[in-house]
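A.B. asks: Throughout the sequence shown, residue numbering follows the working numbering, covering 1 to 435 in sequence.
No false leads were slipped in.
What follows is a list of derived Cβ distance ranges for each label pair:
#1 141 <-> 102: 27 to 37 Å
#2 27 <-> 318: 22 to 32 Å
#3 197 <-> 73: 47 to 57 Å
#4 232 <-> 12: 44 to 54 Å
#5 87 <-> 297: 18 to 28 Å
#6 81 <-> 292: 16 to 26 Å
#7 203 <-> 389: 47 to 57 Å
#8 413 <-> 100: 34 to 44 Å
#9 411 <-> 371: 34 to 44 Å
#10 383 <-> 167: 33 to 43 Å
#11 167 <-> 389: 42 to 52 Å
FYI, nobody ran anything at the bench for these hints, they're computed from the structure. Glycine residues also receive a C-beta, built at the ideal position from the N, C-alpha and C atoms.
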Amino acid sequence: MKKSEELLKRKEINVPRGPFNTVLNFVDHAKGSSMTDVDGKEYIDFAGAIGTLNVGHCPPRVVEALKNQIEKYIHPCFHVMMYEPYIQLAEKLNEITPGDHHKKTFFLNSGAEAVENAVKIARKFTGRKAIISFERGFHGRTLLAMSLTSKVKPYKFEFGPFAPETYKMPYPYYYRDDRNIEETDSAILKKFEDFFLGEVPPEEIAAIIFEPVQGEGGFVIPSKTFVKGLRQICDKYNILLIADEIQTGFGRTGKMFAMEHFDVVPDLMTMSKSIAAGLPISAVTGRAEIMDAPAPGEIGGTYGGSPLGCVAALEVISMIEEENLLTRANVIGEIILQTFTKWKTQYDFIGDVRGLGAMCALEIVKDKKSKTPDSDRAKKIIALCNQNGVAIMGAGLYSNVIRILSPLVITDEQLLQGLKIMEEQLNKISETVST
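The task is simple: from the sequences and hints, build the whole structure.
C.D. replies: See below:
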């Protein structure tokens with residue numbers, strides 16, 4: 001019996017079925033953009049721990065920083081005795097996030113926790129309760145974050161009742177809209193005024209939260225006009241704008257943060273995933289006067305801003321800046337989108353290709369004319385890729401999107417080999433369909 005088979009049996013006995021798994025194997029070691037399982041099989045990583053490993057697996061600089069830190073102290077808890085790495089990371093995020101205003105930052109453990117606290121801070125500052133999120137948005141699996149999320153299965157089914165005073169608005173999905181981009185943006189932004197008349201007055205809305213590029217929603221990218229329109233609505237009614245950069249942040253889109261593509265500065269920003277090369281830490285950064293709204297003790301947590309997470313994050317940011325990983329993200333994205341565009345002309349079941357920097361996706365449909373989502377085919381392609389040495393994941397409201405979140409340190413050789421393996425699986429699926 002292979003070791004992976006033995007571990008899988010032990011997993012089924014001891015771990016509940018709820019936590020999902022994409023590759024049904026167990027990693028033994030990983031470096032850069034490759035993983036090797038316990039049976040010695042190597043994988044090219046196109047998933048990046050769901051966008052957590054922009055600087056790759058086990059970057060030496062991060063590993064060394066962690067070794068140095070762990071010998072000093074592991075976790076005195078910032079609420080008991082403070083430590084310098086927390087302050088250093090707060091200073092750095094205040095410096096590199098969009099906007100030149102005075103900012104403050106504090107730290108938590110996960111993306112969902114950052115979202116929950118951003119909402120708490122927005123409510124405390126404004127004295128308002130309502131929060132608007134968007135169709136297809138994903139903000140986490142905790143109660144409030146799940147309430148803001150827009151996909152029933154697997155995230156929300158039978159987990160209600162949900163948090164009150166959360167509302168959803170449409171979000172542009174140009175591929176699935178018969179109108180042109182300008183008409184789509186105008187119609188959706190106008191709906192806000194109707195919403196304020198028919199559902200909740202703007203005076204009761206604390207914040208609008210959105211992903212600059214929808215992650216779990218299928219890598220759906222809005223126009224600059226739409227994002228600027230959100231900012232204008234918020235400014236008009238004194239509503240805070242929260243940018244959820246958990247999946248888009250730290251170089252994924254070819255800029256340090258995706259909001260930079262839209263020339264819009266949010267009031268609050270949530271960050272996690274690639275902030276620390278896989279260590280569990282998240283952040284909320286925002287305007288100083290907003291961040292100071294909660295009194296001492298009203299926000300925080302025992303493990304928030306662990307020293308290990310802070311020193312890892314500082315090294316990650318240095319790597320992105322010093323190793324030109326923003327430029328590399330754009331090069332990776334160009335290679336992927338050129339390949340995807342070629343595939344789109346070859347396969348009738350590829351309906352759309354899209355991307356921003358190295359955040360790229362294919363949308364799988366039954367045929368180009370109907371655009372009917374084909375989740376079964378997407379799942380088959382993903383399974384075949386995983387079986388043949390490319391770790392890759394799906395996304396999308398209809399579960400018909402295949403996304404690439406490879407580390408930004410991936411080599412051209414690894415990237416092209418991974419795309420070649422993907423194409424081989426597309427050919428298999430195409431042949432199956434034709435026969």
